[in-house]
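K.L.:
In case you want the letters, here they are:
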Amino acid sequence: MLATFRNWALDEMPSSRRQAAWGRRYRTWLALRANPLAMIGLFIILTCVILSVLAPLLAPYDPAAQNLELRLARPSIDHLFGTDELGRDILSRILYGGRVTLGMVVTVVVLVAPLGLAVGCIAGYFGGWVDTLLMRVTDVFLAFPRLILALAFVAALRPGVESAILAIALTAWPPYARIARAETLTVRNADFIAACRLTGASPWRIVARHIAPMCIPSLTVRVTLDMSSIIITAASLGFLGMGAQPPSPEWGAMIATAKQYLLQQWWVAVAPCVAILLTSLAFNFLGDGLRDVLDPKHS
Amino acid sequence: MSGRIKSLGALLGSVLATLFGLAIVTFMIGRVMPVDPVIAAVGDNAPEAVIQRTRIEMGLDQPIVVQFLRYLGDVVRGDFGNSILTRNPVTTDIAHYFPATMELATYALLLAVVIGVPLGIWAAVRQGSLTDQVIRIVCLAGHSVPVFVLALLALLVFYAWLGVAAGPGRQDILYQDMVPVVTGFLTIDTILAGDWGAFHDAVSHLVLPVSILSYFSMAYITRMTRAFMLEALHGEFIVAARAKGLSGARVVMGHAFPTVAVQLITVIALTYAGLLEGAVVTETVFAWPGLGQYLTISLMNADMNPVVGATLLIGLIYVVLNLLADFLYRVFDPRVK
Amino acid sequence: MLSRRQFIAASAAFPALSYLSMTKVFAATPKNVLVVAQQLDNMTSLDPHESYEAVGSEICGNMYQQLVSPSFEDPNVVEPQVAESWSAGEDGKTFTFKIRKGLKFSSGGDLTAEDCAWSLQRCVALNKGPAFILTQFGWNAENVAEGIRATDAETLVLTTAEPTSIGFLLYCLSANVGSVVEKAVVSANAVDDDWGNGWLQKNSAGSGAFTLQVWRPSDAVTMQINPNGGYKGSLERVILRHIADPSAQLLTLQQGDVDIARNLTSEQIKTLQDDPNIVLLRKGQASLVHVTMNVGHEKLKNPKVWEAVKWALDYEGIQKNILSVTHEVHQAVVPKGLPGAYDENPFQKDSAKAKALLAEAGFPDGFSIDMDHYSAQPYPDIAQTVQANLAEIGIKVNLLAAENRQVLTKMRARQHQMILAAWGTDYFDPHANVDAFCINHDDSDDAPNKPFAWRSHFKDDAVMAMAIAARDEKDPQKRLDLYVELQKHLMHNSPYAIMMQPFTTVACRTGVEGMRLSAISSGHSYTEVTKS
Chain A
1 MLATFRNWAL
11 DEMPSSRRQA
21 AWGRRYRTWL
31 ALRANPLAMI
41 GLFIILTCVI
51 LSVLAPLLAP
61 YDPAAQNLEL
71 RLARPSIDHL
81 FGTDELGRDI
91 LSRILYGGRV
101 TLGMVVTVVV
111 LVAPLGLAVG
121 CIAGYFGGWV
131 DTLLMRVTDV
141 FLAFPRLILA
151 LAFVAALRPG
161 VESAILAIAL
171 TAWPPYARIA
181 RAETLTVRNA
191 DFIAACRLTG
201 ASPWRIVARH
211 IAPMCIPSLT
221 VRVTLDMSSI
231 IITAASLGFL
241 GMGAQPPSPE
251 WGAMIATAKQ
261 YLLQQWWVAV
271 APCVAILLTS
281 LAFNFLGDGL
291 RDVLDPKHS
Chain B
300 MSGRIKSLGA
310 LLGSVLATLF
320 GLAIVTFMIG
330 RVMPVDPVIA
340 AVGDNAPEAV
350 IQRTRIEMGL
360 DQPIVVQFLR
370 YLGDVVRGDF
380 GNSILTRNPV
390 TTDIAHYFPA
400 TMELATYALL
410 LAVVIGVPLG
420 IWAAVRQGSL
430 TDQVIRIVCL
440 AGHSVPVFVL
450 ALLALLVFYA
460 WLGVAAGPGR
470 QDILYQDMVP
480 VVTGFLTIDT
490 ILAGDWGAFH
500 DAVSHLVLPV
510 SILSYFSMAY
520 ITRMTRAFML
530 EALHGEFIVA
540 ARAKGLSGAR
550 VVMGHAFPTV
560 AVQLITVIAL
570 TYAGLLEGAV
580 VTETVFAWPG
590 LGQYLTISLM
600 NADMNPVVGA
610 TLLIGLIYVV
620 LNLLADFLYR
630 VFDPRVK
Chain C
637 MLSRRQFIAA
647 SAAFPALSYL
657 SMTKVFAATP
667 KNVLVVAQQL
677 DNMTSLDPHE
687 SYEAVGSEIC
697 GNMYQQLVSP
707 SFEDPNVVEP
717 QVAESWSAGE
727 DGKTFTFKIR
737 KGLKFSSGGD
747 LTAEDCAWSL
757 QRCVALNKGP
767 AFILTQFGWN
777 AENVAEGIRA
787 TDAETLVLTT
797 AEPTSIGFLL
807 YCLSANVGSV
817 VEKAVVSANA
827 VDDDWGNGWL
837 QKNSAGSGAF
847 TLQVWRPSDA
857 VTMQINPNGG
867 YKGSLERVIL
877 RHIADPSAQL
887 LTLQQGDVDI
897 ARNLTSEQIK
907 TLQDDPNIVL
917 LRKGQASLVH
927 VTMNVGHEKL
937 KNPKVWEAVK
947 WALDYEGIQK
957 NILSVTHEVH
967 QAVVPKGLPG
977 AYDENPFQKD
987 SAKAKALLAE
997 AGFPDGFSID
1007 MDHYSAQPYP
1017 DIAQTVQANL
1027 AEIGIKVNLL
1037 AAENRQVLTK
1047 MRARQHQMIL
1057 AAWGTDYFDP
1067 HANVDAFCIN
1077 HDDSDDAPNK
1087 PFAWRSHFKD
1097 DAVMAMAIAA
1107 RDEKDPQKRL
1117 DLYVELQKHL
1127 MHNSPYAIMM
1137 QPFTTVACRT
1147 GVEGMRLSAI
1157 SSGHSYTEVT
1167 KS
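Chains as they are written, first to last, in our numbering: chain A, 1 to 299; chain B, 300 to 636; chain C, 637 to 1168.
Please keep in mind that the hints were generated in silico from the structure rather than gathered at the bench.
You may find that some hints are simply not true.
[Said to hold, decoys possible] Chain A is nowhere near these chain B residues, computed Cβ spacing over 10 Å in every case:
{"hint": "1", "residue": "Tyr474"}
{"hint": "2", "residue": "Asp494"}
{"hint": "3", "residue": "Ala609"}
[Unchecked claim] Below, a list of computed lysine to any residue pairs in the SDA-like style, where the Cα atoms sit at most 25 Å apart:
{"hint": "4", "chain 1": "C", "residue 1": "Lys985", "chain 2": "A", "residue 2": "Ala64"}
{"hint": "5", "chain 1": "A", "residue 1": "Lys259", "chain 2": "C", "residue 2": "Ser723"}
{"hint": "6", "chain 1": "C", "residue 1": "Lys729", "chain 2": "C", "residue 2": "Lys985"}
{"hint": "7", "chain 1": "A", "residue 1": "Lys259", "chain 2": "B", "residue 2": "Gly441"}
{"hint": "8", "chain 1": "A", "residue 1": "Lys259", "chain 2": "B", "residue 2": "Ala348"}
Quick caveat, the model's predicted, so the values are computed rather than measured.
From the three backbone atoms N, C-alpha and C, an ideal C-beta is built for every residue, glycine too.
From just these sequences and the hints, can you work out the full model?
P.N.:
Right, dumping it as structure tokens:
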């Protein structure tokens, strides 16, 4: 069955748009598969997602269950990663924490990428005062000290995951707008766009159906590469007590509270650190692989 | 000629517009922050009458638009207000704290570029090999671990265990106030004063925070260098150069790198601006009296004059660096219109 | 990079650098300088009549003297300092102080009764945050020149509006607001009519053991020995270095780059207990960690709910496991170490009893409530345990962490439901806390006074009457008894679940001796510190 799909997709002379599209996607996948680091990254991410989804089944303890007698215990058979400052099992908190952290990151991306894409494409295509105005706004947000804006936002709204997401999204969207605009500028004078205009397509239709898709590869690359910095920003917010609220096991907040025990009970910080490290690395490898594969300037 | 003036005017206008936008946003943040700055001024236990009086003295009873206009009026005259916490004019504070952060950020950037760019080139030339993978992993790791973890571990290993670097702080107490302030950069001022002991001391205190910050930003620089180099190396004229029989190194450095260098300028500019405002955590762990710390403490206390002042400064630097990068890009890369 | 020792050794090889060997830095800090690692980022002023927060008060306490000061050994005793004796007039409103002869300020000027009068007048006239400690006796900018006068170079006369207990007055005068500053120097530096406030925020003009050399905000404070003051040891300077991170403080202490570390955490202190190079000093602080309920909230109106919460908390568990070195259980509103303190802790964790009380109050299935708390450690840990304790009796707590000042702002605006916070005592008298927690004359939103009790809509006339009676009682022993009665009553009739009282622990390297700690931060003293 797989073989039939393969042959159909890799057909040199596709007979429908759908076949051509699938062929392109399959070829992209094959190219990606050839990149070992990207595959490792993908594997790690999928593992994280699966572990997070299955957390209720896999976690040995309730992540919020305190055991004050057994706080800061070293890793042992009972507690594979040890316990934190309130006696909660760290392994369980890592598993549940994956949901919070990954959830935050995905939500930010879902908010940020479309916004940046829209702003950038509109600014690039329409030019003139629309461009100037949108780019000024983008510049203001870009020039703003990132952590400060996020801090102020989170402080103004209720501290918690939702506010942290909004705050990070507000500071993360400008680069996407700039990328989309840069792509739009190089593409908007191309022949096929002129052809679309000749056929009477409205500017909005051109932007939405023809220009925006051209920007998606660069944005995808940027998104995956940004994931790690979003995770770190969320951790910094947790560091300042502004992200996910206790007893929520967000990885950044876990490291933040482990900071004071770093020198004596180092294992409390190691597990969430490694979790963040692996996830960031994974997203970075995947992003690099995707860029190698999707960037039209390449092949 | 008038076209030049016009475009220069437009440039200036856009810079001012960005700064104005920054000022408004920051001011609004100050209003929206659910912290009462009066508490920082007189304390939580102060009686109600004192609080009301202080509120009026600080001009906080006026509508926000009035406050903003008054602030703008002062700014035009060069008065950025006073800080509630330090009791100094904001300009004095920034002149004191900013050089410390700039010294840190500048050396960190230099180190990141000096190490990161060659690594990126190397990784690109050896694309796919083990060297490539190792370089990428090592660089990415620096960007994927929270800065304070790296900082504390570095203090533990290099300061406490090995004793090869100095501890938190910018200077040893022996050298405090011993060297006249000229630029605010201790490394430069101590050389100007001829005080080698103080110079060594300043350097030994810089080593750890600079290394941490540069490791943190090296990831981005190395990655972008590698990406640009790969693009350049696959370009057509490179193929032509190779076809002519030029050796590898000459191709890489002579032909590919110059294109890359131009693109790197933007990256470096962005990184520098990011370092300036991202040094907060490093400054906290290393007790570095810099702008990041000043900005954060003021923000936490809703002491908005320092926050707006510092934000405008960082914003200005960012805008200028961006313009410079854009300008150089336009000059050297004819593809962009 | 060279280590300090390698560098010194290497520099000996170069004659041009031999001046370095004169510093003889083989010990890490010089013998005549005391270096202290401390968090200094909360300071806003070093003017003793304005400073209200702990670190600023402590530094002022080392630079200035007051008329009297509480004894280190026995908090119930007040000792003469600038005043050598005092007496009360028959009307109970006039108090005469005899000023000690021969005291000098750091500038060399003589300390006279005129300086004392001017200083107290200044405090009242400036009317900054802590001025209420003096203005509560009826003085204000208009009448202060009459109410506080120096009748001659050695006599100071204070006249209060109402008859006042002399014990109470003395304790208030012992606070930083009663600091004596040098009139000549401070008024010479006055700008417009600021009484020298702008200058004194960053300079000193006192008679204490130290003078201020420089204050660099969030960086360092350097004090020098006052040549005319009472310091007799071997030090010449005391440098306080701002190091915000406790782990960083610990490392510098262990390396010997600082002599004293002030902000170490519980875990770090525990590891230092066995360290032969470190000596730990500890003193209970007049501060309270409490969970307060906003009586204005519909679910928190019933006193049975207050009682239920108090019986649900695991005081012992929290203290033993999270706060073992840094706090002790204390459930009364006057902190231990102050006169009139009540040391019994009747509440213990009894979930069954708590649940029953909650049911009696009309909430057999519990309810949901928000609790604000500081985001700085150890408050999140305490909050999470409180959350777990209350969950056991059916109260589902939603935790809201925020910066210190943000939490305070919210509370002042009466927008909290439950709140976990700390309250620092302003001066060394039981009335300091009782006033704030118990006396609320007007509970409306625009009341002229908004004390701590007002923030949580706590207005109980019986409790207020007890508090006022205790304040005005003239017999010192009876006064203390009245405060004990009040606290016993308050424990079961108030929305304050007082939990803990902190210790301050100071870690010194061996050889550094003589630091004295007091229950109030303005009393922490370096006056007798020596380094061997």
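K.L.:
Please work out if Lys729 of chain C and Lys985 of chain C have their alpha carbons no farther apart than 25 Å.
P.N.:
This hinted pair is violated, its Cα atoms lying about 48 Å apart.
K.L.:
Grab the minimum beta-carbon distance between Ala609 of chain B and chain A and tell me whether it stays above 10 Å.
P.N.:
8 Å, violated
K.L.:
Test the statement that Asp494 of chain B is away from the interface with chain A: the closest C-beta pair must be farther apart than 10 Å.
P.N.:
34 Å, holds
K.L.:
For the pair supplied as a hint, Lys259 of chain A and Ser723 of chain C, is the alpha-carbon distance within the 25 Å limit?
P.N.:
55 Å, violated
K.L.:
Between Lys985 of chain C and Ala64 of chain A, does the CA-CA distance stay at or below 25 Å?
P.N.:
20 Å, holds
K.L.:
Lys259 of chain A and Ala348 of chain B were given as a pair; does the straight-line alpha-carbon distance stay at or below 25 Å?
P.N.:
Distance ~41 Å between Lys259 of chain A and Ala348 of chain B Cα, so the pair is violated.
K.L.:
Is the straight-line distance between the alpha-carbon of Lys259 of chain A and that of Gly441 of chain B 25 Å or less?
P.N.:
Distance of about 18 Å is within 25 Å: holds.
K.L.:
Does the claim that Tyr474 of chain B lies outside the interface with chain A hold up, using a Cβ gap greater than 10 Å?
P.N.:
28 Å, holds
In summary, the numbered hints that this structure violates are 3, 5, 6 and 8.
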